[in-house]
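S.K.: What follows is the residue order along each chain.
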Amino acid sequence: MPGVAKGTARASALSKKQDVLAERLAAMTLPEGGVWATERRKDALARLQAMGLPAPRDEYWRFTRPQLLNAPAPERAAVFHADEAPIFDEIDRLRIVFVDGVFAPEESDDLALEGVEIERLAEAATKDIHWAKELYGVLETRGQDPVERPHAALNTAFATDGLLIRVTGKVTKPVHVTYRHESETSDAYLHNLLKLEAGAELTLLENGPAAARFNKVLEVEVGDGARFHHVRAQGRDHERQAFTAMFARLGAESLFKSFTLTANGRMTRNECVIEMTGDDASAHVAGAALGHGDFHHDDTVFITHDAERCESRQVFKKVLRKGAVGTFQGKILVKRGAQKTDGYQKSQSLLLDDTANFLAKPELEIYADDVACSHGSTSGAIDEDMLFYLRARGVDKDTAMDLLVLAFVAEAMEEIEDEGLAQAMTERLDGWLQRRRGA
Amino acid sequence: MLKINNLHVQLEEEDKQILKGVDLEVPAGEVHAIMGPNGSGKSTLSYVLSGKDGYEVTEGSATLEGQDLLSLEAEERAAAGLFLAFQYPVEIPGVGNMTFLRTAVNAQRKARGQDEMSASDFLKFVRAKAKDLKIDAEMLKRPVNVGFSGGEKKRNEILQMAMLEPKMCILDETDSGLDVDAMKLVSDGVNALRDGKRAFLVITHYQRLLDHIQPDAVHIMANGRIIKSGGPELALEVEHNGYADILAETA
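Sequence lines, in order, name chains W and G.
If you read the first sequence in my numbering, its first letter stands for residue 39, the second for the next number, and so on.
If you read the second sequence in my numbering, its first letter stands for residue 84, the second for the next number, and so on.
The hints are simulated quantities; they were obtained by calculation from the structure and are not laboratory data.
Certain hints may be false.
[Unchecked claim] Stretches of chain G that chain W covers, calculated by requiring three or more beta carbons in the stretch to come under 8 Å of a beta carbon on chain W:
#: 1; segment: 146 to 159
#: 2; segment: 175 to 181
#: 3; segment: 231 to 238
#: 4; segment: 270 to 282
Backbone N, C-alpha and C fix where the C-beta goes; we use that ideal spot for every residue, glycine too.
Looking at chain W on its own, in the form it has when it is part of the complex (with noise of 0.2 Å):
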């Protein structure tokens, strides 16, 4: 019977997948704590081992291999020690950093701020009584309908270190999380957990290649009125690799906000998954990702509207050369009642060869009849009459190039609000192409 047929033929794939799993897990126990993160950590666990790891075949990695992100170790990655001036340097902020996902305290400021509880992950966890005991891994597994994660559920279970920021007011000096390279074999894994409250605000900066291999979470709860912006710049070592995946759910009239600029990396999987579940919040994805040779990069993303008048926007564009890909798969999924709903997803990509590639996979799912939600993808080259018309005001080939692909991302970089913020960026992204002139 063919029906049985397809059921052994899933039975099989899935233990397959379990067996990547079990060779994964073969040296790894979980982390010791109090009882609310071992329960937390033993339910993730359970999830992830009825998930397996992700197959080449399932339709969610489509585009991306998941073998280096599944492999019991990670591929070497060369440590990329550049002189490039520290980024965010300039601004009145919080400092916290990690070398290879382990908390540096003589590089980190005092974990006090102003209208935010703030506490590392590794010593919450054994405190029996803790706020986060309500929220650790709830989101995350929450974003596994109707799609499985299995690496953040992967998260969620070994994750030995991370923030749980608690944000009571509105907070003018953003939290900057800096994760270092140092080790070449590093795997690490991180958990940040932020909670705002009603009416609360905050940004988050972050940035760096982390490790060798980086798996990261990041939940976040938005409060109803709340405001929470994140800009974050992932390192441009070469050979990094990471999975990192944000669970965002927004309350009524809140906002949420975040950018992320990716310049190289071997493979970068960047998931985001937001469930607006108050009337009237407003989401916005962004993100520009820089790569050339050896590069793969991915964005997905899945936003579901569960309330009315919600707005959502994703824009995402991708500059490669040189046999670099990107990737691109966003759903809007338009929940029954959400109505007025709002909803965008542009994914561009400018292919400054012909051997770079770009694959998008733009989805719209809508069960609510009064709603306004497209999508554009689009992928091309250099616009050869704007490149004359620069060269004919005397602007050399290589700094018109570069003044276009400013110009190509310039829409994405606009989702930053703050103007010193979207400034870093651009100077890094500036230099990212100064650096490849000619090559």
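Given the coordinates of chain W, assemble chain G onto it according to the supplied hints.
M.R.: Just chain G, lined up with the frame of chain W:
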């Protein structure tokens, strides 16, 4: 200033000859006009001189003050003092007009061995020039030519010309898409740049523009060649009788 000798040009992609032996000389300080029917090769001439890709020069030469133009990159020609005011100025979303102007001015200064202009000097410079052309601050802030009206685009071209201070200006149908007031504004902008040394080559379909920008000489181009040259009266003749008579007498 500009010397073109027996210039033959064909399209790179297809075996199609566009210019079939153009001879033209524009001395310093003079304004020359080129008129001619559609498809005669006027715009091609302007593109070939300014270095656009897609054309192949098969014969002949073009020099600016004795310097071989055809061996230079587009940006080198600009730095050498050549300027093309585009018939269809290109829209560049994401690049601010001000950034564009500043990049262009400084690129040319650098190519000529001059220091880059400071931000405040540049601002003063651009404001003064923009004011003459009735270009407001808002237009300078917007992305290059994006959302500009036809007249605004042409004014923006003349602004660039005024800022870059070229030696040789080619105006490709700068009058197209302009109403009477805009034409006056643009012409005033051009006339303000006439200084006895700078030379102009004005490509146009209509005599009207030449009422405002008075030429020293008028050339008629047809089928890839200059077929007749004369004084300003030649433009009037075309305006009254069309090209048929001239084409017939030179055929």
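S.K.: Quick check: which numbered hints come out false for this structure?
M.R.: Checked against the structure, the hints that fail are numbers 3, 4, while the rest are satisfied.
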